[in-house]
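Each chain, letter by letter, is given below.
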Amino acid sequence: MSTKNWPLWEVFVRSKNGLEHRHCGSLHAADEEMALENARDVYTRRSEGVSIWVVESKHITASNPENNGEMFEPAHDKVYRHPTFYDLPDEVKHM
Amino acid sequence: MSEEQIKNLEAQFEARIARDEKIEPKDWMPEKYRKTHIRQMSQHAHSEIVGMLPEGNWITRAPSLRRKVALLAKVQDEAGHGLYLYSACETLGVSREELYEQLHSGKAKYSSIFNYPTITWADMGAIGWLVDGAAIINQVPLCNTSYGPYARAMVRVCKEESFHQRQGYEIMIKLANGTPEQKELAQDALNRWWWPSLMMLGPTDAESIHTEQSMKWKLKRKSNDDLRQQFIDQTVPQAELIGLTIPDADLKWNEEKGVYDFGEIDWDEFWQVVKGHGPMNKERMKARVDAWEEGEWVRDAAMAYAEKKHTSLKKEVS
Chain A
1 MSTKNWPLWE VFVRSKNGLE HRHCGSLHAA DEEMALENAR DVYTRRSEGV
51 SIWVVESKHI TASNPENNGE MFEPAHDKVY RHPTFYDLPD EVKHM
Chain B
1001 MSEEQIKNLE AQFEARIARD EKIEPKDWMP EKYRKTHIRQ MSQHAHSEIV
1051 GMLPEGNWIT RAPSLRRKVA LLAKVQDEAG HGLYLYSACE TLGVSREELY
1101 EQLHSGKAKY SSIFNYPTIT WADMGAIGWL VDGAAIINQV PLCNTSYGPY
1151 ARAMVRVCKE ESFHQRQGYE IMIKLANGTP EQKELAQDAL NRWWWPSLMM
1201 LGPTDAESIH TEQSMKWKLK RKSNDDLRQQ FIDQTVPQAE LIGLTIPDAD
1251 LKWNEEKGVY DFGEIDWDEF WQVVKGHGPM NKERMKARVD AWEEGEWVRD
1301 AAMAYAEKKH TSLKKEVS
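Chains as they are written, first to last, in this note's numbering: chain A, 1 to 95; chain B, 1001 to 1318.
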């Protein structure tokens, strides 16, 4: 019986320079080196990436959807943060 | 939480799904939704993993380098698909070890089709063409399922799967146009894989216990019988095109309905294989469990090495 299981890692792939790394899934690996190698084999078999980040899942802190109200709703009534809130004379075509 | 609060949450949850909103791992979900998804997603992952066995068997004996690289890539994809699906399944709070344990103890099921033997090279053609063909029909609707991680995994799976079916059909074309012996091999493989492939799409609608709930959760978008009809209608012309005969005396184009009528499926055989009495059930599970147990020292060594490296790093820092 194994004493310890391989930890879980989250994988982020940059598909090409100029674009951000995007989360694409997770995998198990003993350490960061193996996590990178496994990520290459599992998530980039068809040239999906030019750069990979791996981070152990336990290091990610996530917001809780139950608190979405106080987290995100305050932004809903701040329409003055959008350009359409402001009145412009019709003569001004572009601003 | 009171019963009424839960009812309320459930109603909101069903409404979200009805609006085509996706459910993500940390969202509240009914326990039954979670359990059903763990069951279906893990079963799907197990099928990918066990599905490597009947084909892995032929990699070293592929008749040419072209066939060998393709088969190798296909089997590697299946490992990848299993891993995408296991990781999506783990977002529901079940561990990889629990999932493996369920497979190895026989508690979890995998697709029964992999309990049939692969006795000739033509079986590689038939599996790609028919088994992957039926799988694709099953899987495409899942790209829109309500659970986000499952839907995202399925988008990747479906994108990669289409070469699997083509490589199988190409094997069949070559054999069907080859010597009489080669054509015979192709026909024999079609004869053996046709009916199990039809069974792969699941019991008839009348017998399918999970269909109604799964439709509501968009875990299923078409019924088993509809999917089966779609598979038959698309596959029959492909067989005719390469001069092979579908082994069903009752198969007939129905002008009025615009679909093929087909013969009775032997559901006793299906249930026998599901219950573990197929030709290869024991051997498949043994190969899987052996691989897991014999790899244990490697997993332990990798873990010990990782820990040692981290302790010495910490010492250097302090």
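No wet-lab data here; the hints were simulated from the structure. These numbers were taken from a predicted model, which means no experiment stands behind them. Hints may be right or wrong, so weigh each one.
As the list claims (entries may be wrong) - The calculated lysine to any residue pairs, modelled on SDA-like cross-linking and capped at a C-alpha distance of 20 Å, are:
no., chain 1, residue 1, chain 2, residue 2
1, B, K1159, A, S47
2, B, K1026, A, K16
3, B, K1314, A, P65
4, B, K1068, A, E70
5, B, K1309, A, N38
6, B, K1309, A, S47
7, B, K1026, A, A62
8, B, K1309, A, E56
9, B, K1026, A, G69
10, A, K16, A, R45
11, B, K1007, A, S47
12, B, K1309, A, V55
13, B, K1315, A, D31
14, A, K58, B, E1024
15, B, K1159, B, E1181
Here is how each hint holds up against the structure:
{"no.": "1", "hint": "B/K1159 <-> A/S47", "verdict": "holds, 13 Å"}
{"no.": "2", "hint": "B/K1026 <-> A/K16", "verdict": "violated, 30 Å"}
{"no.": "3", "hint": "B/K1314 <-> A/P65", "verdict": "violated, 36 Å"}
{"no.": "4", "hint": "B/K1068 <-> A/E70", "verdict": "violated, 57 Å"}
{"no.": "5", "hint": "B/K1309 <-> A/N38", "verdict": "holds, 19 Å"}
{"no.": "6", "hint": "B/K1309 <-> A/S47", "verdict": "violated, 31 Å"}
{"no.": "7", "hint": "B/K1026 <-> A/A62", "verdict": "holds, 9 Å"}
{"no.": "8", "hint": "B/K1309 <-> A/E56", "verdict": "holds, 16 Å"}
{"no.": "9", "hint": "B/K1026 <-> A/G69", "verdict": "holds, 15 Å"}
{"no.": "10", "hint": "A/K16 <-> A/R45", "verdict": "holds, 15 Å"}
{"no.": "11", "hint": "B/K1007 <-> A/S47", "verdict": "violated, 47 Å"}
{"no.": "12", "hint": "B/K1309 <-> A/V55", "verdict": "holds, 17 Å"}
{"no.": "13", "hint": "B/K1315 <-> A/D31", "verdict": "holds, 18 Å"}
{"no.": "14", "hint": "A/K58 <-> B/E1024", "verdict": "holds, 18 Å"}
{"no.": "15", "hint": "B/K1159 <-> B/E1181", "verdict": "violated, 35 Å"}
Checked against the numbered hints above, the structure breaks hints 2, 3, 4, 6, 11 and 15 and satisfies the rest.
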